[in-house]
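K.L.:
The residues making up each chain are set out below.
Protein chains: 2
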Amino acid sequence: MHHDFFTIIAREAFEELLRTFPPLPTERVGLDRAEGRILAEQLRAGHDWPLSHRSCMDGYALDARDAFGASEQNPVYLDCVGAPHVDENPGMTLAPGQCVRIATGGSLPKGADAVVMVEHTVCMDDWDEDAATGTIEVRKAAAPGLNVMQRGEDALAGAVVLEPGTRIGFREVGLGAALGFTEMDVFCRPRVGILSTGDELVAVEHTPRVGQVRDVNSHTLALSARRAGALVRGYGIVPDDAPSLIATVQQAVAENDLVLLSGGSSIGVRDLTVQAIEAQNDAEILAHGVAISPGKPTILGRAGQTPVMGLPGQVASAQVVMFCLVMPFIGHLQGQGNAFDTTVRPVRQAILARNVASKQGREDYVRIRFEERPHQLPLAHPVLGKSGLLRTLVDAHGLMSVPADAEGVYKDALIDVWTV
Amino acid sequence: MHHDFFTIIAREAFEELLRTFPPLPTERVGLDRAEGRILAEQLRAGHDWPLSHRSCMDGYALDARDAFGASEQNPVYLDCVGAPHVDENPGMTLAPGQCVRIATGGSLPKGADAVVMVEHTVCMDDWDEDAATGTIEVRKAAAPGLNVMQRGEDALAGAVVLEPGTRIGFREVGLGAALGFTEMDVFCRPRVGILSTGDELVAVEHTPRVGQVRDVNSHTLALSARRAGALVRGYGIVPDDAPSLIATVQQAVAENDLVLLSGGSSIGVRDLTVQAIEAQNDAEILAHGVAISPGKPTILGRAGQTPVMGLPGQVASAQVVMFCLVMPFIGHLQGQGNAFDTTVRPVRQAILARNVASKQGREDYVRIRFEERPHQLPLAHPVLGKSGLLRTLVDAHGLMSVPADAEGVYKDALIDVWTV
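So the protein sequences, as listed, match chains A and B. The first sequence begins at 122 in my numbering and counts up by one. The second sequence begins at 122 in my numbering and counts up by one.
You may find that some hints are simply not true.
If chains are identical, the list can't say which one is meant, so a pair holds when it fits in one copy or spans any two.
Calculated pairs, DSS-like style, for lysine-lysine (alpha carbon to alpha carbon, straight line, at most 27 Å) [as the list claims (entries may be wrong)]:
no.	residue 1	residue 2
1	Lys231	Lys480
2	Lys532	Lys261
3	Lys417	Lys507
4	Lys507	Lys532
5	Lys417	Lys480
6	Lys261	Lys417
7	Lys231	Lys532
8	Lys417	Lys532
9	Lys231	Lys417
Honestly, the hints are just simulated from the structure, not real lab data. Everything numeric in this text was worked out from a predicted model, so none of it was measured.
All chains should be modelled from the sequences, with the hints used to inform the complete structure.
P.N.:
Here's what the structure looks like:
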């Protein structure tokens with residue numbers, strides 16, 4: 122059993138976690154349950170898409186050569202021979218000088234290679250609306266392919282349309298629906314067990330007496346884990362007592378793919394968390410801290426192949442660890458390839474309202490409150506106050522990061538605020 | 122029954138919808154089901170929070186006057202009289218020259234007004250670890266309030282902690298948990314009925330023949346509506362046949378707070394949608410188009426007090442209408458106050474890679490694909506291609522908006538891309 126109490130891992134070492142804990146297995150889910158999941162297979166089109174040359178507009182399908190040079194001043198006249206219904210496969214072939222009326226989405230008959238919009242045509246006196254036959258005046262020239270989606274233009278049969286590793290959003294669901302993928306292979310959602318430790322904690326429905334506080338982390342961590350895609354199971358409040366904690370961790374490890382403990386940042390409570398992890402079968406403490414602040418006293422370990430993380434008890438600190446470490450890690454477990462890529466964080470640019478000092482050697486996260494200003498970037502005010510207070514959390518709109526190699530950031534600097 | 126076939130409403134007129142259709146009633150939900158909902162009541166603290174003066178650090182609680190001027194060169198020596206457990210209400214009162222050991226979160230005894238961190242102290246030779254008594258050398262001065270969260274500093278009893286209209290996120294859940302709000306009043310989630318119209322449509326599990334296409338919108342619109350907070354019920358595919366459509370719309374209106382139809386942009390299909398809305402009890406067509414492109418042929422109506430919206434059939438067009446109109450409207454129905462405020466859209470800045478032309482009098486949305494560049498803003502490439510193609514949707518990362526009063530945007534302009 123490896124044990125180095127002073128190991129504090131830097132952000133770069135988070136990548137090590139990804140090698141230690143590979144993504145979960147995959148499962149087959151229906152198209153309407155695939156949103157937010159990561160595709161685990163390559164999807165290929167089963168047929169050409171579109172299936173035929175289709176019109177993008179309401180208008181008249183024709184041979185572009187028949188409308189060569191047409192204009193309002195010099196219209197051409199074509200013989201409309203009907204209006205195939207939108208869902209018909211028109212068996213006819215247009216003869217020179219003929220056209221058909223066509224609706225958006227309709228398939229072009231043989232001999233037609235362009236569609237002139239209805240707005241650029243006029244029906245002549247011989248027009249029969251019921252049969253959709255008669256003479257059509259065309260007032261605009263057409264090039265081959267005008268207003269036509271070509272057969273296979275979206276995808277030819279056998280073409281790869283989605284690669285493994287793609288996150289499924291509305292676009293991918295749309296493509297999947299169009300090509301008939303009623304279900305697909307995706308990575309499983311991690312089951313995450315959450316427990317809070319501390320003799321001072323009481324459940325939300327209880328009224329604390331002096332010395333007690335309600336258990337906030339069980340709720341905020343569960344919400345954040347769910348938002349990252351996890352299936353959450355709560356194990357409630359465990360007292361600061363080694364046998365209870367060891368037993369609850371054992372149960373949580375057996376039932377989950379990741380276990381999160383949050384306890385006070387107190388030295389004694391951290392020792393207890395380490396002890397509860399080390400007491401599990403085939404256990405190892407991987408790190409006794411992370412080089413981010415707040416959040417430094419985070420413990421990373423494993424019990425068998427199950428990762429176990431001990432988060433600080435202070436709500437705001439625990440939340441920063443969730444954002445920087447745990448939520449990306451949950452993303453990784455469900456197959457997200459760029460889980461720890463900080464460049465994909467949603468940010469808003471702002472001007473820093475005052476100097477922010479920072480210690481070198483750790484990545485500092487400072488809570489920011491925006492002050493909106495008309496026609497200018499917002500001002501970013503660091504939210505001051507003790508991190509144990511909830512107001513500092515509620516008053517903040519996002520986080521600014523001060524890199525580990527910087528001593529701080531000056532007033533008036535242009536900064537990216539991570540809008541968590 | 123009001124009917125003006127040429128009414129095309131501009132973005133500004135969306136506000137009119139908000140007056141016509143007020144937010145839904147409220148319901149009581151448990152704290153863990155409140156995320157994403159809009160609070161419908163004012164929440165006041167039931168007691169001071171924190172309940173007592175609490176320590177932010179592991180260390181020693183003392184009277185700041187006893188550590189006046191202390192430093193490494195000139196330490197002071199205090200008599201530690203014990204270590205109340207973190208969940209205890211210490212009944213003792215410190216005498217001058219005394220201190221107690223305190224854990225993070227612990228309550229200060231009477232007579233103490235500051236905490237010195239353990240790192241700035243040394244235990245002397247008489248120290249008894251089990252009793253936590255003995256002499257403590259204090260190497261740093263303390264001001265009153267140092268490392269202490271004051272009683273009521275977060276909230277005094279009776280103080281408003283959350284106002285109605287607040288969107289519940291992890292911050293508000295945390296505050297709610299700390300103050301014991303096990304449930305809260307929130308606006309109801311809108312029930313949204315979705316149906317697709319078109320003889321050419323087949324369900325995803327079917328293989329289309331030439332002329333047919335799979336029903337994509339039922340899936341993409343449902344996903345977007347859910348993401349906006351709706352409870353979605355699907356009514357499948359309805360053929361282009363007035364009695365069927367009228368009957369299905371009637372059922373959907375009876376069972377939902379909002380009904381979405383999507384059908385071809387074909388003139389005939391639009392007429393059918395208008396007809397199906399007008400055939401309902403106490404029905405009215407509110408607008409026959411919206412001044413956004415794509416999406417112009419959108420129909421807005423009501424059947425009794427239930428809004429009914431007819432969206433274009435083309436997937437990409439329907440999706441733009443969802444983003445600009447329907448998703449904000451769903452937000453409004455569940456109490457979101459700034460539903461149509463375009464300034465809160467998530468955006469990413471980029472440099473436009475080519476000129477984009479636009480018609481005046483309508484708001485144009487152009488699909489954008491980012492080209493990442495090291496240490497520069499990304500290039501924004503307009504995604505070209507027919508809007509009926511799915512590739513143009515899948516290849517895009519976001520939307521740029523060209524305002525109704527602009528004729529276009531020039532290459533090299535700094536633009537905001539809405540990262541939908």
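K.L.:
A separate judgement is required for each hint: does it hold in the structure or not?
P.N.:
To see whether the hints hold, each was checked on the structure:
Taking the shortest Cα distances, Lys231 and Lys480 never come within 27 Å of each other, neither inside one copy (73 Å) nor across copies (34 Å). For a Cα distance limit of 27 Å, the shortest separation of Lys532 from Lys261 qualifies neither inside one copy, at 61 Å, nor across copies, at 30 Å. Only within a single protomer do Lys417 and Lys507 lie at most 27 Å apart by alpha-carbon distance; the minimum there is 16 Å, versus 52 Å between protomers. When the C-alpha separation of Lys507 and Lys532 is checked against a cutoff of 27 Å, the pair qualifies only within one copy, where the shortest distance is 21 Å, while the shortest distance between copies is 48 Å.
Proximity of Lys417 to Lys480 under the C-alpha cut-off of 27 Å is restricted to the intra-copy arrangement: shortest distance 13 Å within a copy versus 55 Å between copies. Proximity of Lys261 to Lys417 under the C-alpha cut-off of 27 Å is restricted to the inter-copy arrangement: shortest distance 23 Å between copies versus 70 Å within a copy. In this assembly of identical chains, the alpha carbons of Lys231 and Lys532 never lie at most 27 Å apart, being 69 Å within a copy and 41 Å across copies at closest. Taking the shortest Cα distances, Lys417 and Lys532 sit within 27 Å of each other inside one copy (26 Å), while across copies they are farther apart (46 Å).
When the C-alpha separation of Lys231 and Lys417 is checked against a cutoff of 27 Å, the pair qualifies neither within a copy, at 70 Å, nor between copies, at 31 Å.
The structure shown violates the earlier hints numbered 1, 2, 7, 9.
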